[in-house]
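Student: Chain residues, written in single-letter form:
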Amino acid sequence: MKKKLKICLTWMTVLVFFAACKKHEPAPPAIFYDQADQMGRPAINTVFISPADKDKFNGTTPTQMPAAFGPEMKANMLALNPGYTTNLLGLTADQFIGVLSTDILNASATGKTTFYDGTNVLTGRALGDDVIDVELTLLFGGPDGHANPGLTSDHVNGNDVPFLTAFPYLANPH
Amino acid sequence: MILSCAFVAIAGIVLAADHNDAPSVKGQTTDITDLYVFQGQNTDNLVFIGSTQGLLAPSATSAAKFDPHTLIQFKIDNNGDNVEDLVIQAIYHDGKINVYGPVRPSHTGTRTKIEKEDLIGSVPVTPYGATLPIVATGSNGIRLFAGPRDDPFFFDLDQFHKVVAGQASSFNNPGSDTFAGTNVLSIIVEVPKRLLHASTGKLGVWLTTSTQESGHSD
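From first to last, the protein sequence lines are chains A and B.
In terms of numbering that gives the first Met the number 0, the first sequence opens at residue 0 and continues consecutively.
In terms of numbering that gives the first Met the number 0, the second sequence opens at residue 0 and continues consecutively.
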């Protein structure tokens, strides 16, 4: 019994010793990462942000974007289409920029996911969505989507190779 | 060397979905090309695709690598306040991509760290030239892929540039897809929707890349 107790105490000492050693190891320093690029919806930074501000935009959190970039995005939009009134969604320039200036991609967790399919608006972005035609139509197409017909579609209507129906969905590289 | 010069020359005139969007990321491992979020083949799941390093010609694709010092993150707002409530993080390590989350991040905003406790799996990077993609399944049934893929984006960007520059008044019909025949490096994660806790049924998602702060040697 005594011997058992002694062995037990010895082991406890050893354990305490190791525990103490571990305690004295310095904790590894936390490694931080600084944001370099970001993207929500396609082509927001490339089309609506002025060249001098593109890096700044990439380092701005979404909550800060409307105040920081809303005015210049509106000016750049009106430079592209000076005749903008409203668009197919019925949005004025200020309302449209209000939507675009928080650069987050909306996605439904309960139903169909599409950038725009004529019925659902901004419920995700599927691979086959012609996001450029949607954006061109909202930018140039006026209230009924039919204004500036030469500018509302780039007439590239799909990818150059088929997507996969199953994971990982994207085609093999060329 | 000649190839990489040619690539830089091409990259200099092309920017698009988010390809080469800003001076400091252009041509870097941090350069995002695109983000997709859509319902999976199994409609109980959402698929997140984040791609980087765009406009890779086939001849340049095998040399394009994920960077062990570039953290790629899907940031997810699940309550409508435009602040990330969950993140899915991916970073290269030793031939594989480690994936963490979805987890509430310890730091929101532009300075973040890897949520190391929440590793959900790893997937070997599919090499260029592989006949089949290498896929893996992490915890919670989350599916993972990382590697070169066809760039899914399509756009007659050259004609758009001519329109913006006043050299053309309209698009051509048919147009010409500037991204045809080019590749990107993609991270693809398929996640059961129940793990995303979308209280209103809606999510807000954005993709970020971040660079490891200097002064650390891994």
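Treat the hints with caution; some may be incorrect.
In the EDC-like style, the derived pairs of lysine to aspartate or glutamate whose C-alpha atoms are separated by at most 16 Å in a straight line are [as the list claims (entries may be wrong)]:
| # | chain 1 | residue 1 | chain 2 | residue 2 |
| --- | --- | --- | --- | --- |
| 1 | A | LYS111 | B | ASP117 |
| 2 | A | LYS53 | A | GLU71 |
| 3 | B | LYS112 | A | ASP33 |
It is worth saying that the hints were derived from the structure and are not from the lab.
Everything numeric in this text was worked out from a predicted model, so none of it was measured.
Student: Now tell me if each hint is right for this structure.
Tutor: Okay, the hints, checked on the actual structure:
The suggested pairing of LYS111 (chain A) with ASP117 (chain B) is violated, with an alpha-carbon distance near 29 Å, which exceeds 16 Å. Pair hint LYS53 (chain A) plus GLU71 (chain A) holds up; C-alpha atoms about 12 Å apart against a cutoff of 16 Å. A distance of roughly 9 Å separates the Cα atoms of LYS112 (chain B) and ASP33 (chain A); the hinted pair therefore holds under the 16 Å criterion.
Hint violations for this structure: number 1 only, all remaining hints satisfied.
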